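Chemist: Generate the whole structure from the sequences, applying the supplied hints.
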Amino acid sequence: MIKANNGNETEKVTASQENTFLNPTPMLDELENGLWPSFISGLKELAERTRKPILRGLLDQLEYSYQTKTGYWQGSLVTVHGYGSGVVGRRSMIKDKIPEAAEFHTFRVQPAPGLHYNTKMLRNLCDTWEKHGSGLIALHGQTGDIMLQGIEEAKVQECFDEINQAGWDLGGAGAAMRSAASCVGPARCEHACYDTLKLHYKTLTHFVSEIHRPQYNYKFKFKFSGCPNDCTNSIFRSDMAVIGMWKDSIQVDAAAVQTWIDKNSIDSLVNIVINNCPTRAILLKKGKMVIDNKNCIRCMHCINVMPQALSPGKERGVTLLLGGKNVLKVGTMGGTMIVPFHKMETDEDVQNFIHLSETIIEWWNDNGFDHERIGETIERVGLKQFLDGVGLEASIDMVTQPRSNPYYKSEY
Amino acid sequence: MIKANNGNETEKVTASQENTFLNPTPMLDELENGLWPSFISGLKELAERTRKPILRGLLDQLEYSYQTKTGYWQGSLVTVHGYGSGVVGRRSMIKDKIPEAAEFHTFRVQPAPGLHYNTKMLRNLCDTWEKHGSGLIALHGQTGDIMLQGIEEAKVQECFDEINQAGWDLGGAGAAMRSAASCVGPARCEHACYDTLKLHYKTLTHFVSEIHRPQYNYKFKFKFSGCPNDCTNSIFRSDMAVIGMWKDSIQVDAAAVQTWIDKNSIDSLVNIVINNCPTRAILLKKGKMVIDNKNCIRCMHCINVMPQALSPGKERGVTLLLGGKNVLKVGTMGGTMIVPFHKMETDEDVQNFIHLSETIIEWWNDNGFDHERIGETIERVGLKQFLDGVGLEASIDMVTQPRSNPYYKSEY
Amino acid sequence: MNTKRTWKTVESGPRDYQEALHPVVRKNYGKWHYHEMLKPGVLKHVAENGDILFTVRAGTPRQDSVDLIRRICDIADKYADGYLRFTVRNNVEFMTSDETNVELLIKELTAIGLPVGGAGPCVSAIAHTQGWLHCDIPATDASGVVKALMDSLIDDFKSLRMPSKVRLSTSCCAINCGGQVDIAIVVKHTRPPRINHEILGNICEMPKVVARCPVAAIRPEVVNDKPSLIVDNDKCMYCGACFGACPAMEINHPEHSKFAIWVGGKNSNARSKPSVMSLVAHNLPNNPPRWPEVTQVVGQILAAFKKEGRPWERMGEWIARVGWKHFFEATGLVFDKDMIDSYRHARTTFNQSAHLRF
Amino acid sequence: MNTKRTWKTVESGPRDYQEALHPVVRKNYGKWHYHEMLKPGVLKHVAENGDILFTVRAGTPRQDSVDLIRRICDIADKYADGYLRFTVRNNVEFMTSDETNVELLIKELTAIGLPVGGAGPCVSAIAHTQGWLHCDIPATDASGVVKALMDSLIDDFKSLRMPSKVRLSTSCCAINCGGQVDIAIVVKHTRPPRINHEILGNICEMPKVVARCPVAAIRPEVVNDKPSLIVDNDKCMYCGACFGACPAMEINHPEHSKFAIWVGGKNSNARSKPSVMSLVAHNLPNNPPRWPEVTQVVGQILAAFKKEGRPWERMGEWIARVGWKHFFEATGLVFDKDMIDSYRHARTTFNQSAHLRF
Ligand code: SRM
Ligand code: SRM
Ligand code: SRM
Ligand code: SRM
Ligand code: SF4
Ligand code: SF4
Ligand code: SF4
Ligand code: SF4
Ligand code: SF4
Ligand code: SF4
Ligand code: SF4
Ligand code: SF4
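Residue numbers (the numbering used here), protein chains in the order written: chain A, 1 to 412; chain B, 1 to 412; chain C, 1 to 358; chain D, 1 to 358.
Since the hints were made in silico from the structure, they are not lab data. Values in this document were obtained by computation on a predicted structure and should not be read as measured data. We treat Cβ as the ideally placed atom computed from N, Cα and C, and that holds for glycine. Be aware that one or more of the hints could be misleading.
27 Å max Cα-Cα, derived DSSO-like pairs, lysine-lysine [claimed, not checked]: (1) 285(A) / 208(D); (2) 325(D) / 306(D); (3) 202(A) / 235(C).
Chain C residues, not near chain A, derived (Cβ > 12 Å throughout) [to be verified]: (4) 83; (5) 230; (6) 233.
Modeler: Right, dumping it as structure tokens:
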């Protein structure tokens, strides 16, 4: 059907050219070279085995995109019964040319927090997806969804019912609560200051209706990182970053510190640990390492370097950063610290957190514009106004320095 | 005439109450207490000696201001022949109440660069001023002018002619070139990387007409600091900060370094010098101090601590920072580096500098709004547009980091 | 939907994770003591009670076929007790308490074409976005760029020879779903949108499109008797935000949609604060199928960082230490005036000091 | 002007400096080698050729009478070869090559009431502005505040017991002619301007006044049949910028014009970059003649800095090291929500990180 016409055709007979089901895709085939696993090889293998026309269409359209340097999908509203989001609809703009991939909708499916699986649940998902859809799965989307990519509208409900029956639910899209991400946390990481998986699970279960029914100004994302290493990139990639934090002193196992020094030398202690502490809060005293915890800003660095010897303190909880997002309109925003420390042990702690989140989202719904992320709303109306609006106390922790201009309103 | 009525009257008989010429000024008299030299005592002494009504009026009005917490001067246009600025006119809003200080205009007089005097010129100025004016002189105004404070309009021309005859000229006011300031520089400071006094003198002589005839969008100030210590506060207080700079390596007198260490200890070298270098460009190698000049950012710190051992390099000149100003409308702005290095040795160097300044001011006159400082204009139209407008090359030295947003226009 | 539904939707939200946790994980949940990096891609976590868990991490194409996933499941069944997890960067992880399984895992993963690595001071997998494969607004294909790049970086994925973690992302439009990373490859348009007035009024909510423009360059106008929008080309800086709201604002162009390279982004709070990335190269062609120009520039940046970075120092921290001037020298890239910020907080990036390197 | 002029103006610009230079200065111009701080207020500069110059520095009231200036000249004639200079902070300096003159200078200066000091790690003289003495827009009297403050700080002026240089300024309106310093005392209004509609139209250029407002709170309106201006009190944040352009916008208020204290400004490039200062106290009363509340707060700040600052560390550098949280603890001041920036670049001051002190 589609013939490559960019004069680039290679003489080399690639594996794919031996296949009969697929049309030639000379440009895409270039991506079968090299040592990194090739999504093209995967797609071709899948297509050849299953002989699904939708996959042949997909490859033809992609090849055509490579040739013309142009994309051909257009958005389309596709949903399952009762939901307003969770399926990202795609129809081809060149279905006259390549009818086989006229539709190529995607399910966003919420995985388990921490992206843990047993093989049974994964195989089951594969089977359902191969039955109804294309058999192409993105593990995972940047927000953290399983993306089942490529299905026709007619099959959407049936397919969803089957995966829902197996225990899965859809994720967010549009102006709604979005799927969350959480780091591996307490499941396997010694740094975790709270149970990221549990909080992710409880929070997103609470907001399940808001995920399925877009009714916000714009998207709202949670991300849960167990410590300030922030392995979920929550700071720039979620509206509410929930980051593990401790309040007391770093726990030090003096013997293990000595073992570390013996193994790595005192030079390494100075050059790698002490010299990299952002506030110079680590001192060398008679060959021993002493942490000035009042000046420690919980950056994690020393703990990262010496995980066997140092750990976060015992009084643990979370710090909340609000308003992170990417570049649109205002330039990338990092989340702003709005709650320096919040315990996260009991169910009540969790409920308080969820309640605060609701209050915040409500404030945003009342004060935000259409397509305005909460970070933008706060920047527009002012952090002080936001704090007043949701009933939080101002604290010096929220800013890097007090204001440098006299342009504020205060009547006494 | 004016009686203090705030119930604060003190029983203590102060020196001034013995005088007969002045009215009681109980609140002001409080400022005769304490060990710091008192401007009130000075004013009173002057008034008693000279018996000038304008001084009695001034003290009465000031006392009344202290009582009512209100100022009573209003601006007024007063000039000398041929000039549009240089006299700051003040008329009293309460001249009905206190007629003796109905007028209290001020001459802004340009001193010599570096604020150097011989006693003859200063005595001469005092005599003239006592003859025509109040006898009150501010040494100096924040911009650097001698301020002859308090004269009536009728006497202004005569007085000016006399001081002008003695070699003085007026400084700036209004939307004009302003008087400049220069640090003591090569006159007495070992750090000076160029001749601040000479450049101040040549530049301001060149712009003499623009000082006297307001024709800019707003004020424009030069300040000349001989090195990055910036003893004239040029960064936040002048539109064009001219700061001494060197390009090659810091000059090190190894023997003097050793003497310093012997005197102050190696600990001091580490804690005071090495540890305070902003880029950690100073290393300790076998007890010796080694400067990594590629990473030195010319902050002056190590040179300040060890002036006998270290000095700026030999390839000297200036760096130019444009757009500094105080808080109005946009918040305080620091000058932005627009010329990293410019030689300042020959007359040609000076001429090039003046020529560049002219080009810049011309651009500002063309592109700025009324009452907009050049820093504001650049912020509004963009640094790139400014550079294009005046024909300067962009350089990484001008920014702390390249842009973090994709919101720029570039066609290829 | 014609089929009669027999199933009533359960709005369960995230999948339950208890049943997905490896038994050793479940047992030591929240009780880990420390970890070590045994070799590229292999972590050893030690629990408070002395339990040991080995993790083997491998790269994937992210856009996986069910065939590949089933193969991965086979391996998990054989060597990892039937459990596995994925990382936030699309790597797959197998956990086992049996040290002998580690080498077997590496062998089998290599056999099915999945490189083992991506942990510790190395280049991990590149954050993916959708591109021509699925998105409705892309100017390029993210998966293709990622594949081409990773082919050239695979040795840096499989070894521990970087000063610290290096995160990359590729985004197929300026929106940048890939986020802030050490090195980002992002589309940059260089022409204003061409407006399809024929369809605009019918398919777009005009006030929303007008509101979407960051520089207020769009205004309503009747064109050929139809209500439509026009763009003030002087103001427009080609961001493409309008296109996301309205497909008639055609911003993508096969030739004039280019690539830009950004460096120094960081999300972690380790040592320095999280930081946004900065523009260091642009006007790179969008050159499928292998985008050699992009690979070239990324290679230059990584080579300089590998050479000069100190242990634990992230890309942006290295640059902060040596200075941007040196960064451009060391990488051979060229600073130009478009790299001077001109947006809302531009002034805060101006060098308002005499601090200066020569 | 009725008198016939006999003199034709010479537009000479700055006064010629050659004749104003001390002979030893002239001889060693540009050839100084180094300096030492001998004792408070006394510097010793050594030239390349070994010439030595002693400088004695003393404080002045800045608002000087000709009597005081003549006395100063007498001293200069006696001990400094007839030369003197002033510093950018209103201190006066006498130079001599004769070491025996140093003590004599100190003695005579003390005798006429001028304290010797202000050099090196100490509190130097406070930058002055005009206030009720001369300005047309002040809410207070700068000279008075300065005198009261310096009375309490004179020992810090005359000694070398601060960690480093401490610069102060006082400004009688929010415009702050005093600039960025370690500690600034600046007026802060707390009510919108009261508008004198009777005179406004006659004495003010209305479009200029409208343009002057940073938050566009002013608009033209006819009031009592006269063209005038009105202020949107919701928008107005009491900056007083309009008052500078139009005396009918009466911003000053005897009770509601207050003082605010700012810290951490720095102009030098030594170590850290030049920095703007931050608000740390407000709502202090404007309380002539001695403003004890202001003196009190400044004293608290200086005491903490004196105790904790390290050698050569400026106020803002000390705070950067110990953190703002500690600054508030150590000084006993209280952070409040008005101290959160809300102006143009506010976002750049938000803590966009998890970096946190407890
Ligand atoms: C699929 C995914 C990329 C991927 O291949 O992984 C994606 C794809 C799209 N993103 Fe995204 N974004 C995806 C994660 C992100 C992230 C990363 C994250 O969530 O951690 C970001 C940055 C963080 C943030 O939220 O700002 C992100 C920032 C955006 C933005 C810019 C938002 C902003 O305020 O700057 C848009 C534009 C918009 O919403 O109008 C956008 C819009 C889109 C749209 C919906 C484009 C559109 O307007 O039609 C894309 C749909 C593509 C498709 O065909 O599926 N996407 N997008 C990711 C979601 C998969 C998932 O659910 O797991
Ligand atoms: C006299 C002086 C204060 C002093 O007592 O020393 C002063 C006094 C006034 N300043 Fe100033 N400024 C004085 C130095 C400064 C400085 C410091 C400097 O030049 O180093 C600044 C900060 C730097 C700058 O230029 O921004 C300064 C920033 C201002 C501003 C704010 C400008 C801005 O863009 O933020 C104004 C307001 C204006 O111009 O509209 C202003 C306006 C004024 C006016 C003209 C008020 C007015 O609009 O009527 C004051 C006249 C007072 C009078 O009665 O003489 N003055 N003014 C200083 C000038 C004396 C001299 O010539 O030596
Ligand atoms: C598995 C994973 C979390 C997950 O739930 O999936 C994870 C796991 C660990 N991270 Fe991470 N990080 C993971 C993504 C991240 C991310 C996000 C990302 O890559 O997109 C970040 C933020 C990156 C950034 O700043 O932009 C991240 C920043 C860190 C840091 C801080 C690094 C730094 O110095 O800036 C550490 C500390 C360290 O390396 O010891 C860390 C440390 C760790 C440790 C050592 C924690 C532990 O004790 O187990 C884990 C293994 C380290 C490794 O891979 O080198 N993890 N880590 C993610 C693996 C990604 C991958 O496959 O490459
Ligand atoms: C005389 C004077 C210049 C003039 O032309 O009038 C001057 C003279 C010297 N300054 Fe200065 N500075 C003078 C105002 C300034 C100012 C501006 C100001 O005070 O308003 C600054 C910038 C202040 C700021 O950052 O806001 C200034 C920042 C410095 C520095 C950097 C200090 C720092 O660490 O930040 C040095 C370095 C040093 O102390 O060795 C310095 C060093 C010096 C030296 C040591 C230079 C030398 O080798 O002779 C001179 C005597 C030092 C002293 O006073 O401690 N001078 N110096 C000014 C005296 C002011 C006064 O009477 O108090
Ligand atoms: S964010 Fe912290 S707790 Fe979570 S995986 Fe990373 S290092 Fe571990
Ligand atoms: S966690 Fe970070 S700030 Fe705290 S002591 Fe360790 S390195 Fe320093
Ligand atoms: S700015 Fe530099 S050259 Fe000028 S007086 Fe100060 S220290 Fe000396
Ligand atoms: S001048 Fe400053 S930056 Fe340069 S070496 Fe000395 S202390 Fe370091
Ligand atoms: S980066 Fe742009 S084009 Fe790519 S997936 Fe995200 S929205 Fe679509
Ligand atoms: S491309 Fe961006 S700047 Fe141009 S019109 Fe569209 S939204 Fe506005
Ligand atoms: S600070 Fe304000 S009131 Fe004081 S002199 Fe300057 S302009 Fe006048
Ligand atoms: S006080 Fe300031 S904000 Fe209020 S109207 Fe006047 S200029 Fe505007």
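Chemist: If a hint holds in the structure, say so; if it does not, say that too.
Modeler: Comparing the hints with the structure gives:
| no. | hint | result |
| --- | --- | --- |
| 1 | 285(A) / 208(D) | violated (64 Å) |
| 2 | 325(D) / 306(D) | holds (18 Å) |
| 3 | 202(A) / 235(C) | violated (46 Å) |
| 4 | 83 | violated (5 Å) |
| 5 | 230 | holds (20 Å) |
| 6 | 233 | holds (19 Å) |
Checked against the numbered hints above, the structure breaks hints 1, 3 and 4 and satisfies the rest.
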